[in-house]
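Asks: Turn these sequences into a full structure, and let the hints guide you.
Converting from the sequence shown to this note's numbering requires adding 75 to each position, the first position being numbered 1.
Careful: at least some of the hints might be erroneous.
[As the list claims (entries may be wrong)] Pairs of lysine-lysine residues, derived as DSS-like cross-links and limited to a Cα-Cα distance of at most 25 Å, are as follows: (1) LYS573 <-> LYS603; (2) LYS549 <-> LYS518; (3) LYS566 <-> LYS166; (4) LYS596 <-> LYS518; (5) LYS166 <-> LYS557; (6) LYS145 <-> LYS256; (7) LYS557 <-> LYS569.
Simulated from the structure, these hints should not be mistaken for lab results.
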Amino acid sequence: MRIKSILTSAALMAALVLSQRADACTNVIVSRGASADGSCMVSYAADSHTLFGELYFRPAADWAPGSMLKITEWDTYKPLGEIAQVAHTFKTVGNMNEHQLIIAETTFGGREELSDPAGIMDYGSLIYVTLQRARTAREAIETIVSLANTYGYPSSGESFSIADTQEAWVMDLIGKGEGNKGIVWVARRIPDGYICSHANQSRITRFPLNDPENCLYAPDVITFAREKGYFEGEDAEFSFRDAYCPLDFGGARACDARAWAAFNILCDGQFTYMDCDGNEVTAPASDWIEYALGHDLKGEMPLFVKPSRKLTVKNIADVMRDHFEGTPMDMTKDAGAGGNALPYRWRPMHFSYDGKEYVNERAIATQQTGFWFVGQSRGWLPDEIGGINWFGCDDAATSYLTPIYTCLNEVPECLRVGNGDLLHYSPTSTFWMCTRVANACYKMYNQMAPYVQARINAFENGQMDSAVPAMDEKALQVWNRKPGKKRTVKKVCKMLTKYSVETAQNQFQAWSRLEEELLVKFMDGNVKIQDENGNFVPSQYFSGVPDKMEHPEYTEKWKEVTAKDNGTILEAR
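Replies: Here's what the structure looks like:
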């Protein structure tokens, strides 16, 4: 199904801006009651053409009175200024800390005039500084607000995913403009048993004004909108999204469509949600397909939905690999997928033809991912054992997640900050090896990607179903001998550091061998046959020659388009 062929220049520009942002990302948030094991989970794909995949690590530290912390803008490395350091900072491992707190984000942009160029705390610094200072999701919200209001916020509008062992929250915020330090914001707790998703479009519309257990907001979030002329009407009708990031074609098609896709998969095509009167309603996901396509912006997609089953880490990881398969936006079906059903469209995210403007899809999985993760907070375990950052690099569809316990004291060499960057190749970097595998797959995607994905599934299922639970049990046995004692904590952290490092390094080596195997197996468009053990089958006369090779055909769509385009010349007679 083709999208509308004619777009207004304003709508097209909105689509392009939102879909090509350096920080265009996707999050899924899972409450405790919606997960299979009672954990809170947050997934995040840091999608940027200029972001290198590496695992940030900061040990816990004590600081002398008067210490200052230099703030550098996450996206650009631009120095922004200094802020006062606190007496003690917590250990952070990627986007999680030692207390199992998780923070992720997607950028929605919003009203450009609300950026404050004099501010110090950019959105990336808000994440990583807050992780060093907060223990819980509610503390994180307070810390984010305090930092932004104290030091100013220079970034554009953001949605944050925030979760601890008990609660999961979504928070929308935006600055107040030049000369007006601080932010306006709303944070809503995901109801237990529900999930949320956001992808570069503000998702909080109307919200309860008198329910502090489930909704927090800036005291001036409505009055400021009135002052700026963004809102008129009764307070009860106020919508954060409509005031600060009005929905347009791009916000729906390039952004909310990804949230819709995540819901569609995890709810098996049926959205169960709470209506305005607090009643639980179920409706088919297809009711919002025109909304996701950007054709009908009058409807409002639910902020929270109930999944059709209790969700596992693997369920969430696989959602992050979606390309709209099985939907009208399926990227494998049209001629743009080429002869091998490639579910990617290189930038720019639009093209012009015969006087009309068109857009390419922006799915959850994308070639531009720097790193991605599924953070898991498991409250029934001590913090030293419960926090796991399932971490991966590059395109989620052809890369794996390796378990990183958040108590670790050493980062695996393959994920270490400084082991390569976007301009300097490193043969020992997970990012670069996953990039090699992904780029190999792009040439024969429907043949190569399933081969890689089978390897991903074998590794992830083995870790998630048996290896990590077994390691949890070993660590818990040590913990239970003398719970919380300094020597116990040290021993447990040493065990889990060793496991995290060795698992990551071993899988990196396995991926290095896989990249070589892909070259041999799929060289020149041929597919060499392997036996049930994965060994190449040689001829009976010489071990260096394959017994036989397969020659996969191009897709039917490719045949159709090619025949129509040049059939007169190509037709066999």
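Asks: Hint numbers the structure violates, sorted upward?
Replies: When the structure is compared with the hints, numbers 1 and 2 turn out to be violated.
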